[in-house]
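J.: Keeping the supplied structure of chain A fixed, place chain B upon it in accordance with the hints.
The chain contents come next:
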Amino acid sequence: MEKSIETIWKEGFLNTESLIAPKVNSLYDKKSLHIMAKFKKMFLNNIWGIIIGSSLLFTGAYFAGALLAGSIVLIMMLYVAYTAYNELKKLEKIDKAESSYLFLKSFKVWIDQSIERYGKMYRVVYPILILAFYFGIWFSDSLADVRQKVSEHSDLFFGLHLGTTIFVLSLALLMSIFSKSIHRKDVKTIYGGIMNKLDSSLAEMEELRD
Amino acid sequence: MSSDFYTSSIQPHSGIIIKICRAYTDTQEDFEDYYQEVCLQIWKSRNNFKGQSEWSTWVYRLSLNVSMTLLKKRKNNQQYTASDLLVEEVSEESRAFADESLNQLYRGIRQLSEVDRAVILLYLEEKSYQEIADIIGTKPNNIGVRIKRIKERLKKILDGKVN
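Same order as they appear, the protein sequences are chains A and B. First residue of the first sequence: 1, per this note's numbering; consecutive thereafter. First residue of the second sequence: 1, per this note's numbering; consecutive thereafter.
Looking at chain A on its own, in the form it has when it is part of the complex (with noise of 0.2 angstroms):
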């Protein structure tokens, strides 16, 4: 090296050109990509984990000899997978060439929507899963001794426990009543980071268009 890096520096620099600054147009154009690919990420992996999470549920139920109710869960959380994955789908029709701020906004449209919906569908799906859990785990086969203990010592109605199937049916109607909060803490709890995320960079992005 001839020069000193001194030198070279200020030579360099000399030239206007080299400091052209490039055109700051698309703040948010990357983030926005970002954000909504780690969503889908993160919902896609939910979406095997339900998948993944009834199967073995159902193995379980298989050798604990309650396969109506192993079954029954099974389906209902196909179903779950299923709607999500139609929702994937509708997320994947979110314009990317719109600009930045208008994709986000159609993205938090697009959660606010598939809330709603789940919540409507977990009205259903919620005490469905709670009872068929429920009776799957008191008439499996596993549990015959416990049953027999416990009719011992107290009426059965229909070869349940009277206080305890009370109990589960409350639970099974609260979670239908207020299936829309529970899911939406649910969403909050999975989503929270990306959600605030979003919610920030809307805000930003609005204090940028005014």
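Everything labelled a hint here was simulated from the structure, so no lab data went into it. A hint or two may mislead.
[To be verified] If you want the footprint, here are the derived chain B segments under chain A, 3+ residues with CB under 8 angstroms:
no. : stretch
1   : 11 to 19
2   : 27 to 34
3   : 101 to 110
[Unchecked claim] Listed below are several chain A residues computed to face chain B (Cβ distance under 8 angstroms; list not exhaustive):
no. : residue
4   : Lys-3
5   : Ile-5
6   : Ile-8
7   : Trp-9
8   : Gly-12
9   : Asn-15
10  : Ser-18
11  : Leu-19
12  : Ala-21
13  : Pro-22
14  : Lys-30
15  : Asp-112
16  : Glu-206
Here the structure is a predicted model, which means the values were calculated and not measured. Every residue, glycine too, gets a C-beta built ideally from N, C-alpha and C.
T.: Quick look at chain B alone, frame taken from chain A:
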């Protein structure tokens, strides 16, 4: 961000931002991303500027912090490491400046650690030891020694004695 804010508060210092962003990026695409992110962060934290230092000093500090943070993030993701770069991207980057010696110097700077890059950039921008210490958040005592060490390493890199 209003165009007024960009024109009055960022554009006069775009040279600083460009010099810093170039030192932390390997490709034109990354450079543009970093530049936009720095501008955005300056705008977002404009209310945090209390006037205790020069606005330009504040821009230096912010540009360096944003660039170092982005670089760390990318390193963690291991998506943008130099080994992943395509030959085309490297050659695209090597034409970032018209002056080939400057391109070569930048390639050397990029081989330094993140903090050493910041120190040498500030030194080349003729900042005092006190200013360099203020910007990178250290004591000015050992800045001189550190600069000497960085320059020696940089010279070795540029002479091809260090990979």
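J.: The structure should be examined with respect to each hint, and the outcome stated for every one.
T.: For each hint, the structure was consulted:
Restraint check on the stretch 11 to 19 of chain B versus chain A: 6 residues with Cβ-Cβ distances below 8 angstroms, three needed, restraint holds. With 3 residues having a beta carbon nearer than 8 angstroms to a beta carbon of chain A, the stretch 27 to 34 of chain B meets the requirement of three or more and the stated coverage holds. Under the rule that three or more residues need a Cβ within less than 8 angstroms of chain A, the assignment of the stretch 101 to 110 of chain B holds, with 4 such residues. The beta carbon of A:Lys-3 comes within 6 angstroms of a beta carbon in chain B, closer than 8 angstroms, and the hint placing it at the interface holds.
At a threshold of 8 angstroms, the smallest CB-CB gap from A:Ile-5 to chain B is about 6 angstroms, leaving the interface hint in force. A least Cβ separation of about 5 angstroms between A:Ile-8 and chain B falls short of the 8 angstroms threshold, and the interface hint therefore holds. Annotation: interface hint on A:Trp-9 holds; nearest CB of chain B at approximately 4 angstroms, less than 8 angstroms. Below 8 angstroms, beta-carbon pairs count as interface contacts, and A:Gly-12 has one with chain B at about 3 angstroms; its hint therefore holds.
With a cut of 8 angstroms, the hint placing A:Asn-15 at the interface with chain B holds, because the nearest CB-to-CB distance is about 5 angstroms. Because the beta carbon of A:Ser-18 sits about 5 angstroms from the nearest beta carbon in chain B, less than 8 angstroms, this interface hint is met. Taken as an interface hint, A:Leu-19 checks out: its beta carbon lies about 4 angstroms from the nearest beta carbon of chain B, inside 8 angstroms. With a least beta-carbon distance of about 4 angstroms to chain B, the hint placing A:Ala-21 at the interface is held under the 8 angstroms criterion.
Given the 8 angstroms rule on beta carbons, the hint for A:Pro-22 holds: about 4 angstroms separates it from the nearest Cβ of chain B. Because the beta carbon of A:Lys-30 sits about 6 angstroms from the nearest beta carbon in chain B, less than 8 angstroms, this interface hint is met. Contact between A:Asp-112 and chain B, as hinted, is not supported at the beta carbon level, the nearest pair being about 26 angstroms apart and thus beyond 8 angstroms. A hinted interface residue such as A:Glu-206 counts as satisfied when its beta carbon comes closer than 8 angstroms to some beta carbon of chain B; here the least separation is about 12 angstroms, so the hint is violated.
Checked against the numbered hints above, the structure violates hints 15 and 16; every other hint is satisfied.
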